[in-house]
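Residues per chain are reported as follows:
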Amino acid sequence: MNVWTIATLTLREALRKKVVYIFLFVAILMIILSQAFAFFADPSGMGGQKAGDMGVANASRVELIVIKSMAFGVIVLAGAVMSIFLGTDLIPSDIDRKTIYTLLSKPVRRGAYLAGKQLGLSLTLGVNIGLMGLAFLVLLFLKTFRFPIEILVGVLLIWVQFIMLGSVALFFSVFVSRNINAALTFFIFVVGSLSDFLQEIVNSSARSGNHALAILLRVVKWIIPNFADFNATNPLIHSEQLAQTNFYQYVFAKVIPLGILYSLMLLIVAFVIFDRREL
Amino acid sequence: MALAVRTIGLTKRYGFLTKATGHLAVDHLNLEVEEGLIFGFLGPNGAGKTTTIKMLLGLIFPTEGRAELLGRPVGDMSVHQEISYLPESPYFYDFLSGAELLNTYAKLFGINAEERGRRITRLLRLVGLPDERKPLREYSKGMLQRVGIAQALINEPKLLFFDEPTSGLDPIAHIDIRDIIQNLRKEGKTVFTSSHQLSDVERICDRVAIIHRGKLMKIGDVDDLLAGSEMEIIVDGPDDALARVLQDFAQRSITQENRLLLYQSDEEKVGQIIDAVRAAHARLVSVIPQRRSLESIFLETVQQDGGAASPPLSGTSTDGPKGGAA
Numbered sequence: 003m004n005v006w007t008i009a010t011l012t013l014r015e016a017l018r019k020k021v022v023y024i025f026l027f028v029a030i031l032m033i034i035l036s037q038a039f040a041f042f043a044d045p046s047g048m049g050g051q052k053a054g055d056m057g058v059a060n061a062s063r064v065e066l067i068v069i070k071s072m073a074f075g076v077i078v079l080a081g082a083v084m085s086i087f088l089g090t091d092l093i094p095s096d097i098d099r100k101t102i103y104t105l106l107s108k109p110v111r112r113g114a115y116l117a118g119k120q121l122g123l124s125l126t127l128g129v130n131i132g133l134m135g136l137a138f139l140v141l142l143f144l145k146t147f148r149f150p151i152e153i154l155v156g157v158l159l160i161w162v163q164f165i166m167l168g169s170v171a172l173f174f175s176v177f178v179s180r181n182i183n184a185a186l187t188f189f190i191f192v193v194g195s196l197s198d199f200l201q202e203i204v205n206s207s208a209r210s211g212n213h214a215l216a217i218l219l220r221v222v223k224w225i226i227p228n229f230a231d232f233n234a235t236n237p238l239i240h241s242e243q244l245a246q247t248n249f250y251q252y253v254f255a256k257v258i259p260l261g262i263l264y265s266l267m268l269l270i271v272a273f274v275i276f277d278r279r280e281l
Numbered sequence: 010m011a012l013a014v015r016t017i018g019l020t021k022r023y024g025f026l027t028k029a030t031g032h033l034a035v036d037h038l039n040l041e042v043e044e045g046l047i048f049g050f051l052g053p054n055g056a057g058k059t060t061t062i063k064m065l066l067g068l069i070f071p072t073e074g075r076a077e078l079l080g081r082p083v084g085d086m087s088v089h090q091e092i093s094y095l096p097e098s099p100y101f102y103d104f105l106s107g108a109e110l111l112n113t114y115a116k117l118f119g120i121n122a123e124e125r126g127r128r129i130t131r132l133l134r135l136v137g138l139p140d141e142r143k144p145l146r147e148y149s150k151g152m153l154q155r156v157g158i159a160q161a162l163i164n165e166p167k168l169l170f171f172d173e174p175t176s177g178l179d180p181i182a183h184i185d186i187r188d189i190i191q192n193l194r195k196e197g198k199t200v201f202t203s204s205h206q207l208s209d210v211e212r213i214c215d216r217v218a219i220i221h222r223g224k225l226m227k228i229g230d231v232d233d234l235l236a237g238s239e240m241e242i243i244v245d246g247p248d249d250a251l252a253r254v255l256q257d258f259a260q261r262s263i264t265q266e267n268r269l270l271l272y273q274s275d276e277e278k279v280g281q282i283i284d285a286v287r288a289a290h291a292r293l294v295s296v297i298p299q300r301r302s303l304e305s306i307f308l309e310t311v312q313q314d315g316g317a318a319s320p321p322l323s324g325t326s327t328d329g330p331k332g333g334a335a
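Heads up: the protein sequence lines correspond to chains A and B, in order.
Per my numbering, residue 3 is the first one in the first sequence, and the count goes up by one each step.
Per my numbering, residue 10 is the first one in the second sequence, and the count goes up by one each step.
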């Protein structure tokens, strides 16, 4: 009950930040403008010359690929900015303004407070990413006259990705300052997104006999969440791949559960630290 | 009577290296506050008042010692159902209206919707904001403090902690809030309040404690403290040498033009002052028993401990030396 009350309070507070609306507006504008970028796309390297029905169909397919790629990219970018911006500010702003004192002097456990904050952040990200996804869906409908519902799976994937990034920001916010938190969270997002590259370095270090570095990087790779797993929207962009891959199984049986599990684990560690923090 | 607050050797030290280098914010504080009292917790800035309140609320943790609220140890979540807190200069979620804020906080106590509605209406009327629908960001400081009092009463607590509840308020809000606190006594609630408004404390509190540099310097019933038999001795035109001697005998002194006003509660020292005046053939204008003010007790207590007190003192005052406490 307390978790939900704090979550809705967090959601309402976040949704009245003007800067969130600016991010959202720019992102939706970019999604709408993606069709303009698609117009300039060259479907087959023919310098823009299109011959016959095949050419038109191909152009239309390429246009859709560009729109989808760009829209997913914009949602990821806006989601990353929002989760870092909102996540790093959740706890410090309550401490600065002393709102945390009135909350925690009531029968609210610190764990419930943190869980409420995490849930509120997740809902805020859900609303924003959902609205961007809706704009994306409407754009695709105007383009194809059908609702490609599978796109929503991609949006869900992005949402879970940023719930995870938000939990990283929340975790750091219980013991570091806002600016350091923003830098650390961004760093983790970048390194986590380059997980495959990190694996290559681990392999080459092991091959070259630099075992210490290989072990160190393995530990880093093990600790830092694998954001690269969430870059799985290719089958949604190239819809012909959807039937050929086990995309849904990969998303629902692996990536999303792991993302939620990682967020919960991070929340528990954050609670252990926050429970002894002096306010 | 049962104890609302009890601290046993409560200590807070900041700085983690050694006892020598750490800053002792609260030093082995032993306090007992009975239920049903309005208890004033006084001290200059940095004396450890807020630190103590925060420890009692479980917001920070003691280095040593322990505390109990309503007979249960601090940290027992069940006690939070029966206490409340109004921090100094509070900020509330300013996009909410007063009623929405109270509704949100009432939910945290698990109060059902019907009861929430009843309490909110009653409390907004009590604090003089019955029809305010605008968001809190449009409230004045006085209105915010009224909402703060209302949120502190939403759970019908037995024990309330107020940190500087009347600071920075206009006179009307000041009086209203003081009256609300006074009325809480009639409802049998215990109020633990820190304040720099000594005249308010003198008027509304049953009992006070003065802390300085984290140490409990004085504790007692307000009536007992104020009933001290302090004498005011006025001497006309003493020369510098006599003035120095007299000031040494006094607990405090004030120079007004060519007169020296001396204050002392120890009868023996009063006699020594009079003897010294007579021996110097100076003119003794009057010796009048005074009802002491909480301000003078506060200043005397803090100055005895070698500190500078923050509340202002009118007139030109000279600190008295190591006189006995009242």
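Keep in mind that the hints were calculated from the coordinates and are not lab data.
Every value quoted in this text rests on a predicted model; they were computed, and no experiment measured them.
Worth double-checking, as some hints may not be accurate.
Said to hold, decoys possible - Straight-line distance between alpha carbons at most 27 Å, and here's what the computed DSSO-like set of lysine-lysine pairs gives:
{"id": "1", "chain 1": "A", "residue 1": "K100", "chain 2": "B", "residue 2": "K224"}
{"id": "2", "chain 1": "A", "residue 1": "K19", "chain 2": "B", "residue 2": "K143"}
{"id": "3", "chain 1": "B", "residue 1": "K150", "chain 2": "A", "residue 2": "K20"}
To see whether the hints hold, each was checked on the structure:
Of the supplied pair hints, the one linking K100 of chain A and K224 of chain B holds, its CA atoms being roughly 26 Å apart against a limit of 27 Å. Between K19 of chain A and K143 of chain B the alpha-carbon distance is near 18 Å, which keeps this suggested pair within the 27 Å criterion. Distance hint between K150 of chain B and K20 of chain A is fulfilled; the C-alpha atoms sit about 25 Å from each other, no more than 27 Å.
In terms of the numbered hints stated before, the structure departs from none.
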